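The whole structure should be built from the sequences, with the hints applied where relevant.
Numbered as in full-length UniProt numbering, the sequence shown ends at 276 without a single skipped number.
Derived by calculation from the structure, the hints in this document are not laboratory data.
EDC-like cross-link-like pairs, simulated, lysine to aspartate or glutamate; straight-line CA separation at most 20 Å:
id	residue 1	residue 2
1	K190	D226
2	K169	E122
3	K124	E262
4	K172	E122
5	K261	E122
6	K158	D142
7	K169	D120
Computed from a prediction, not measured in an experiment: that's the story for all the values here.
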Amino acid sequence: MLGTLTGTAYVYQYSATNQTRIGNQLTLVTSKTSGTGNQFSIVGNTPKCSGSCSRTGALTSLAGKALKAGKTLSAESYYNWTGKSARTNQNLSWNLTIKHPRVAQVLPFNYAGASPVRCDREYKSISAGCIMTKGQVAIGYDRASHPNFAKHVTDAQKSGLPGKSTALKRLKPGQSSAKNRSKACPSRLKRPSGYSCDEYPFASTQQGAYYGGGTGRTFSQCKISDKAYPVGAKGGKGYSACMIPQKENSAAGSELSKFFKESRVLTGDSFFVQIL
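Put into structure tokens, the structure is as follows:
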């Protein structure tokens, strides 16, 4: 054996929800070598983006760089999204080749990014942007600002309904939030003056009352006395309804719509709900 080289390759991806420039970085950390392992060097590093993307700017070349113990090398490449459709996925990777003076052939390596990068222009009121599709995203509601709404969501999640540890999913194309809402909050439920009916899981999700199935439930503070909504029911399937102040309910709904836009949570996407 001529020697050994031990190290770690890191692939970093960068994007932003309000722009369509994508960054791709390769970092090589050589931790130790033995024998003639300190004679390895880089022949070339080539980035790749499959999908609707074109490279922009200069590429950092590592060609000729030696892989020495304790040394870190980094290269960067950037792309612009060129998608013509509403949304597309891009996959980033790096091809790396290294050589040793006593070995005839070069050694090839491929390092792929951890997540596809999705870019979209589905929201007409804001600029196009990109996200990592394997990232987890959550909306956080401030308990002090939304006390009644927060109490309902907290009770609903404690009763077993999804959103805290199991993600909710936005409706699929063609599905209707109105169907979820009318199933969870039918007109027969009396609304006290100044109150409106809040449903959980949200009407905008596949777990909502109509599409998610199951039966209703409510909680002691919710001002609902209907046999179809037993207090204290539990389980992961079903839905809850609660009467909360109308202004608070509307504000919480507006925050959800804003969150979908700013975090680029599109139809079919998963998200979590946190009470802060």
